[in-house]
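> Sequence:
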Amino acid sequence: MIKSDRVSNCIRYISFCFFYFTIIVSAQQKEDTKVVIDSTTIQTIEFSKDLNDKYNGSEFDYTQDIVESRNLLARFINWVSNGIADMLGIKIDPAILKVIETIIYIILIGFAIYLVIRILAGKDAISFFKRKNTSVNLPIHIAEEDIEKINLEDLISEALANQNYRLAIRYMYLKVLQNLSASAIVEYHFEKTNTDYFQEIANPSIKQGFSRVSYLYDYIWYGKFELDQGGFDKAKRTFDNLNSLIK
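Add 1 to a position in the sequence shown, counting from 1, and you land on the number used in the numbering used here.
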């Protein structure tokens, strides 16, 4: 019985608390719904009559589409891309088009550099990019024969008679190799380079003299330096000095 009374009292207490809480909440909602009347005086602003004319310039036109600025090459590539898309239904990615544009620019720049070099260097512009061959570069009829059997003196005289001083220098250089080979200072072979012969020479004086004539030969023959009589005579003295050391 006592237990039943306790339960009844507990229920009545809970009901009372719930009822009291409901009244408080209701009162708060009623207070929140009260309307606050704004008593601020409203001032009416009138716009000027020339408002439309004042803001009617192109700088106030915000309806224009923003178009990406493209150069002539980019527009051409885009035109080709659109043509391919229309005909074949293939859509090329814009990133690929950008790569193609870059490659074309590189090719055009390389071609422009080539033209500049060709204008400055003449017909031999292509050789500017090639490694110069430092071998003796003998003619076929000389390269295939034993150098000791060739009469280089006659070839030198013939070149001088024609005032072809560059060719005479070439034959004089071969004459030096002929003398070095005959004196067993070097072992001649038409595929050897100037450096190969230089390393074979043991005598310091001959070595130095050979270095000088090799420089003259490369500069005059491979450099296509045109000699006159005076220039040839100066070069000839250097060759003669070396030949005098070999004998």
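Incorrect hints may have been included.
As the list claims (entries may be wrong) - Computed beta-carbon distance windows for the label pairs:
hint	residue 1	residue 2	range
1	235	191	47 to 57 Å
2	229	155	49 to 59 Å
3	104	225	33 to 43 Å
Claimed, not checked - Pairs of lysine-lysine residues, derived as DSSO-like cross-links and limited to a Cα-Cα distance of at most 27 Å, are as follows:
hint	residue 1	residue 2
4	225	235
5	176	99
6	193	99
7	237	208
8	92	150
9	193	237
10	208	193
11	99	150
12	176	193
13	208	248
14	225	237
15	193	150
16	150	208
17	237	150
18	248	193
19	176	150
20	176	237
21	248	237
22	176	92
23	208	235
24	225	248
25	235	248
26	225	208
Think of the hints as simulated: they come from the structure by calculation, not from any bench. Predicted model, so just to flag it, every value in this text is computed and none were measured. For each residue, glycine too, the CB sits at the ideal point set by N, CA and C.
> Each hint should be assessed against the structure and marked as holding or not.
How the hints compare with the structure:
1. 235 x 191: 47 to 57 Å: violated, 28 Å
2. 229 x 155: 49 to 59 Å: With Cβ atoms ~23 Å apart, the hint is violated.
3. 104 x 225: 33 to 43 Å: holds, 36 Å
4. 225 x 235: holds, 17 Å
5. 176 x 99: violated, 60 Å
6. 193 x 99: violated, 50 Å
7. 237 x 208: Given that 27 Å is the threshold and the Cα spacing comes to 18 Å, the pair holds.
8. 92 x 150: violated, 73 Å
9. 193 x 237: Given that 27 Å is the threshold and the Cα spacing comes to 24 Å, the pair holds.
10. 208 x 193: holds, 16 Å
11. 99 x 150: Violated, because 65 Å separates the two Cα atoms, which is more than 27 Å.
12. 176 x 193: Between residue 176 and residue 193 the Cα gap is close to 15 Å, so the pair holds against 27 Å.
13. 208 x 248: holds, 14 Å
14. 225 x 237: holds, 17 Å
15. 193 x 150: Answer holds: residue 193 to residue 150 is near 19 Å, not above 27 Å.
16. 150 x 208: holds, 25 Å
17. 237 x 150: Between residue 237 and residue 150 the Cα gap is close to 23 Å, so the pair holds against 27 Å.
18. 248 x 193: Holds. Residue 248 to residue 193 sits at ~22 Å (cutoff 27 Å).
19. 176 x 150: With a Cα-Cα distance of about 11 Å, the restraint between residue 176 and residue 150 holds, given a limit of 27 Å.
20. 176 x 237: Distance of about 12 Å is within 27 Å: holds.
21. 248 x 237: Distance ~17 Å between residue 248 and residue 237 Cα, so the pair holds.
22. 176 x 92: violated, 70 Å
23. 208 x 235: Cα-Cα ~20 Å, so holds.
24. 225 x 248: Since the Cα atoms of residue 225 and residue 248 sit roughly 30 Å apart, the hinted pair is violated (cutoff 27 Å).
25. 235 x 248: With a Cα-Cα distance of about 21 Å, the restraint between residue 235 and residue 248 holds, given a limit of 27 Å.
26. 225 x 208: holds, 25 Å
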